[in-house]
Structure formats: C-alpha cells, structure tokens
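Using the hints, position chain P against chain Z.
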Amino acid sequence: MKIQIVRDVLEANDQLAGDIRNIAKKEGFTLVNIMSSPGSGKTTLLERLIPALTNKEIRTAVIEGDITTTADAERIARMNIPVAQINTESFGGDCHLGAEVILPALHQFDLNNLDLIFIENVGNLVCPAEFDTGANVNIVVISTTEGEDKPLKYPLMFRVCQIAVINKIDLLPHLRFDIQILEENIRKINPMMKIVSCSAQTGEGFDQLTKLVIAKR
Amino acid sequence: MHELQIATNIISIVEEEIRKAGKTEDIEFVYFIAGKMRAIIPESLQFSFDVMKRDKPYLEDAELKISEIPIKIRCKNCKAEHTLNEPVFRCETCSSPEIEIISGDELYIDSIEFSDT
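Line order of the protein sequences matches chains Z and P.
1 is the number of the first residue of the first sequence in the numbering used here; add one for each residue after it.
1 is the number of the first residue of the second sequence in the numbering used here; add one for each residue after it.
There's no promise every hint is true.
As the list claims (entries may be wrong) - Output of the computed footprint for chain Z on chain P, the stretches with three or more beta carbons under 8 angstroms from beta carbons of chain Z:
| # | region |
| --- | --- |
| 1 | 34-43 |
| 2 | 103-116 |
To be verified - Calculated pairs, DSSO-like style, for lysine-lysine (alpha carbon to alpha carbon, straight line, at most 30 angstroms):
| # | chain 1 | residue 1 | chain 2 | residue 2 |
| --- | --- | --- | --- | --- |
| 3 | Z | K211 | Z | K56 |
| 4 | Z | K2 | P | K56 |
| 5 | P | K36 | Z | K188 |
It is worth saying that the hints were derived from the structure and are not from the lab.
What you are looking at is a predicted structure, and each value in this text was computed from that prediction instead of being measured.
For every residue, glycine included, the Cβ atom is placed at its ideal position computed from N, Cα and C.
Looking at chain Z on its own, in the form it has when it is part of the complex (with noise of 0.2 angstroms):
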C-alpha cells in the first residue's frame, strides 16, 4: 500500500528560519549571511566592513561559524564587537549552519542594541546554499584566484545571494582572471545581482560595499 506524504524534507529548518525572520522583524536588527569557498576572505572581509560600520553608528555582531577552531572568532573579538561561536566538531564537523544552530547563538546577544548581526557561514559553496538561515540577506564572496566559472558550477548558491562580493581584486596584476567574464557568469545565474569588486587587503572598494550593505537594512 502506498500513502501519499508530500513533506518538504527541510520544512523544520524552513520553520526556524521564519521564526528567525520574525525575532528580527521584532527586535529591530538585520541578519547577513555571508558565505563562500573556504578562503575567499570572509574574515578579512568582516574585519574591514565591521570598522567602517561603526563608524556610521551602526551596532554589529557576528556569529562565527566556519570550522575547527576558534581563529576567526578571536579575530573578529578584537574589534570589541560581541561574537557568538558556533561549536562545530574539531575535526571535520558540519557542511554548513542550520537555523536550529542560528536560533541559540542569536539568544546570546543583547539583540535590543543590535543593528546588523553577520553570520560566517561555513566555507562551502553547496550546502550552505540549501539551508536556509533566517538571514534577510545573503552575500556570496568570491575572489579572484578562484576561477571564473564558480557562479555556473554552484548556481544555487548564486541564486539565493543578493549581493556578490568578487574579493582579492589587488591580485589582478599577477593572476590571469578575467573579472568581466566573472561579472557575466554571476549575472547569467542571477541577472538582478549586486556586485561589488573590492580587496579586503587593501580597503579597494571598502565604500561602495559599506554603502550596499547598510542599503540592505
């Protein structure tokens, strides 16, 4: 005898994450997911947007959740801003975040004094796409020593980003890479993309990202 079910295999993650959108909504704060291979520099990333967000008054906090240790997580410390570990295994651990690991990182915060709240996703181009965080906007970081053909060999994952941050963009001189190819491929997954070119490294770029991000709030 067969019986029809017809249930969503991630409906329970669904779930959490709608709740997330909701404690948000209530308490006032944006959450930002941020994800990407693994060294692309998010980190780096973070480390020169969360400076120049203060700067404009606006209150952040990250939720650490890229594997094994916790190097990211007292790097981001240091600038003083409050910052939730994600406890992942020491070795190996999970592909990505799910809204059931979200949900009880978020409650660690003072989320009243709270504008913006990044998550670091996993480094992982795949999974990270298929769950759904909570998040109200998604970043894709990609640099310039990866290859141009990233967008169309993980096109869920740009499909679920709003904004494409293209990374290490002070390598150019030294690297064969072709950014326009790039910007075309992002484009073919994802017409209605927002893309923004910058070095983490260097500060490159470091405007226009800020300004797109506070945009999203």
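Relative to chain Z, chain P alone:
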C-alpha cells in the same frame, strides 16, 4: 555533503508518518522528489539513506527512489516558459532577467509504499 542531513531528515519524517498511520508493515519504497536546482547527487543521497536506515524499525529494507525534476522558468515579461539545459536564468525568448522558477527547486518526500506481506 548536505545529502547526509537530507537523508537523516527523510528518515525522521518517514518514521513520523509510520507512527501517524499506525502501520506495522515494513516500508518497501520511499519516493523522493529532487529539483535540479537543489544540487543533490542521487548516488550520494542513496548512500547516506542506506547508512542511516540501518537498525531503524520498518525501514531496514526500504529503498529510496529519487526522481529529478528539471528547472523550468517563466518569463514575467513575455510569459514564455522554458526548461533550462544550462545555467542561464534569463528568458530565451525575450532575454528578460525578470523570470520566476516554476519548477526545479523541489525537495520533498512524495509518498511511501508499505510491503503487502
């Protein structure tokens, strides 16, 4: 790697449905629908399912049947519908970027089949 989490979710939903239906027969098939957009590797999901079903009552002999759904878009501008064979999310008829995905992002259990014996 997200296939492992998805397999785990499939098993817990099926277990819940078995309880709800008050069934004591073994499950023979679980019919699963995966849209192409979701980047599921069927072999990997199958493998994860087979690992996770071990020692689960009624599920030990269950087979996961995966159907993949192609990505279809509809143009908001000219209303044309297209099935995507390559990842270009634009209307093939009028090139408008204003499209909606009408199928291809499914990720659900359609049905379960109990063995009749």
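To see whether the hints hold, each was checked on the structure:
Only residues whose C-beta sits within less than 8 angstroms of a C-beta in chain Z count toward coverage, and the region 34-43 of chain P has 3 of them, enough to reach three; the restraint holds. Remark: the region 103-116 of chain P is confirmed as covered by chain Z, as 9 of its residues place a Cβ nearer than 8 angstroms to a Cβ of that chain, reaching the required three. At most 30 angstroms may separate the alpha-carbon atoms for a hinted pair to count; Z/K211 and Z/K56 meet this at roughly 10 angstroms. Under the criterion of a C-alpha separation no larger than 30 angstroms, the hint pairing Z/K2 with P/K56 is consistent with the structure, at around 19 angstroms.
Restraint check: the Cα-Cα separation between P/K36 and Z/K188 comes to about 17 angstroms, which is no more than 30 angstroms; the hinted pair holds.
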